[in-house]
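Participant: Sequence:
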Amino acid sequence: MQITPRVVAQARPLLNFIAQPESGGDYNIVWGGIKSKHRPRQLTSMTIGEVLAWQDSIDPLYMSEAAGKYQILEDTLRGLYRDAGMSVTDMFDEGGQDRLATTLLFRRGYQDYLQGKLSLEKFCNSLAKEWASLPVVTDVRRGTRVVRKGQSYYAGDSLNKAHVSVGDFMDAVRKAKQAPAPEPAQEVPSQGIWAALVSFFLSIFGK
Numbered sequence: 002m003q004i005t006p007r008v009v010a011q012a013r014p015l016l017n018f019i020a021q022p023e024s025g026g027d028y029n030i031v032w033g034g035i036k037s038k039h040r041p042r043q044l045t046s047m048t049i050g051e052v053l054a055w056q057d058s059i060d061p062l063y064m065s066e067a068a069g070k071y072q073i074l075e076d077t078l079r080g081l082y083r084d085a086g087m088s089v090t091d092m093f094d095e096g097g098q099d100r101l102a103t104t105l106l107f108r109r110g111y112q113d114y115l116q117g118k119l120s121l122e123k124f125c126n127s128l129a130k131e132w133a134s135l136p137v138v139t140d141v142r143r144g145t146r147v148v149r150k151g152q153s154y155y156a157g158d159s160l161n162k163a164h165v166s167v168g169d170f171m172d173a174v175r176k177a178k179q180a181p182a183p184e185p186a187q188e189v190p191s192q193g194i195w196a197a198l199v200s201f202f203l204s205i206f207g208k
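This note's numbering applies: residue 2 is where the sequence shown begins, and numbers increase by one.
No wet-lab data here; the hints were simulated from the structure.
Computed from a prediction, not measured in an experiment: that's the story for all the values here.
Just so it is clear, CB atoms sit at the ideal spot from N, CA and C, and this is done for glycine as well.
It cannot be assumed that every hint is accurate.
Straight-line C-alpha distance at most 27 Å; calculated DSS-like pairs for lysine-lysine [as the list claims (entries may be wrong)]:
#1 Lys178 - Lys150
#2 Lys176 - Lys130
#3 Lys118 - Lys36
#4 Lys178 - Lys118
#5 Lys36 - Lys162
#6 Lys123 - Lys162
#7 Lys123 - Lys150
#8 Lys118 - Lys150
#9 Lys150 - Lys130
#10 Lys178 - Lys123
#11 Lys118 - Lys130
#12 Lys176 - Lys150
#13 Lys150 - Lys162
#14 Lys176 - Lys123
#15 Lys178 - Lys130
#16 Lys162 - Lys176
Derived DEER-like restraints, expressed as beta-carbon distance ranges [to be verified]:
#17 Lys38 - Thr139: 34 to 44 Å
#18 Leu62 - Lys178: 33 to 43 Å
#19 Ser37 - Pro61: 14 to 24 Å
#20 Gly144 - Gln43: 36 to 46 Å
#21 Gln21 - Gly96: 17 to 27 Å
#22 Arg108 - Arg142: 33 to 43 Å
#23 Thr45 - Asp76: 19 to 29 Å
#24 Arg42 - Leu62: 14 to 24 Å
#25 Glu122 - Ser37: 35 to 45 Å
#26 Gln112 - Thr90: 25 to 35 Å
All chains, please: the whole structure from these sequences, using the hints.
Facilitator: Structure (structure tokens):
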């Protein structure tokens, strides 16, 4: 699936819901446990390559190097930018982060969900495996333990817990399926341009 501006726009309400518990919607935020001396400059002014280099530099020091509105980890970002059709020289700005996060939605079954090939519950649980602040919406097994409905998929790791309710999460995902795709911007027809030029010259020189 090509991640076009129209596709990103259609996904934005769901992305904003996901981002709220992850980052408060802040494109420049990093994981809160990172000390000020190890924090980068504004993420939106950095390239993807620069963000990866920064994440790699702090990886041995911290439990997380999550970056940006969608709290993307280094290991995720390394493969993700290629799937999004981007390069290390592309900016990790607002548009770049939205495009990367939309690609994550597709990795997690977004297209199958929209097409009715994946149930609401399965798609929600798939998203919960990507973003730890989201709850699983049914009991699921993780390794040898059972993660209960309403918990983060990563509950018990001393780092993560769910920050939204199952009901609110399912409502947001349900609405994403109902939302119509925005209309693409209309281009001005070439004959319209010529007509405007003719009118302009006629207004100056007369018929």
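Participant: Against this structure, judge whether each hint is valid.
Facilitator: Quick rundown of the hints versus the structure:
no., hint, verdict
1, Lys178 - Lys150, "22 Å, holds"
2, Lys176 - Lys130, "20 Å, holds"
3, Lys118 - Lys36, "44 Å, violated"
4, Lys178 - Lys118, "12 Å, holds"
5, Lys36 - Lys162, "22 Å, holds"
6, Lys123 - Lys162, "19 Å, holds"
7, Lys123 - Lys150, "13 Å, holds"
8, Lys118 - Lys150, "23 Å, holds"
9, Lys150 - Lys130, "13 Å, holds"
10, Lys178 - Lys123, "14 Å, holds"
11, Lys118 - Lys130, "19 Å, holds"
12, Lys176 - Lys150, "21 Å, holds"
13, Lys150 - Lys162, "12 Å, holds"
14, Lys176 - Lys123, "16 Å, holds"
15, Lys178 - Lys130, "20 Å, holds"
16, Lys162 - Lys176, "24 Å, holds"
17, Lys38 - Thr139: 34 to 44 Å, "43 Å, holds"
18, Leu62 - Lys178: 33 to 43 Å, "41 Å, holds"
19, Ser37 - Pro61: 14 to 24 Å, "18 Å, holds"
20, Gly144 - Gln43: 36 to 46 Å, "38 Å, holds"
21, Gln21 - Gly96: 17 to 27 Å, "19 Å, holds"
22, Arg108 - Arg142: 33 to 43 Å, "21 Å, violated"
23, Thr45 - Asp76: 19 to 29 Å, "22 Å, holds"
24, Arg42 - Leu62: 14 to 24 Å, "18 Å, holds"
25, Glu122 - Ser37: 35 to 45 Å, "41 Å, holds"
26, Gln112 - Thr90: 25 to 35 Å, "28 Å, holds"
This entry does not satisfy hints 3 and 22, going by the numbered hints stated previously.
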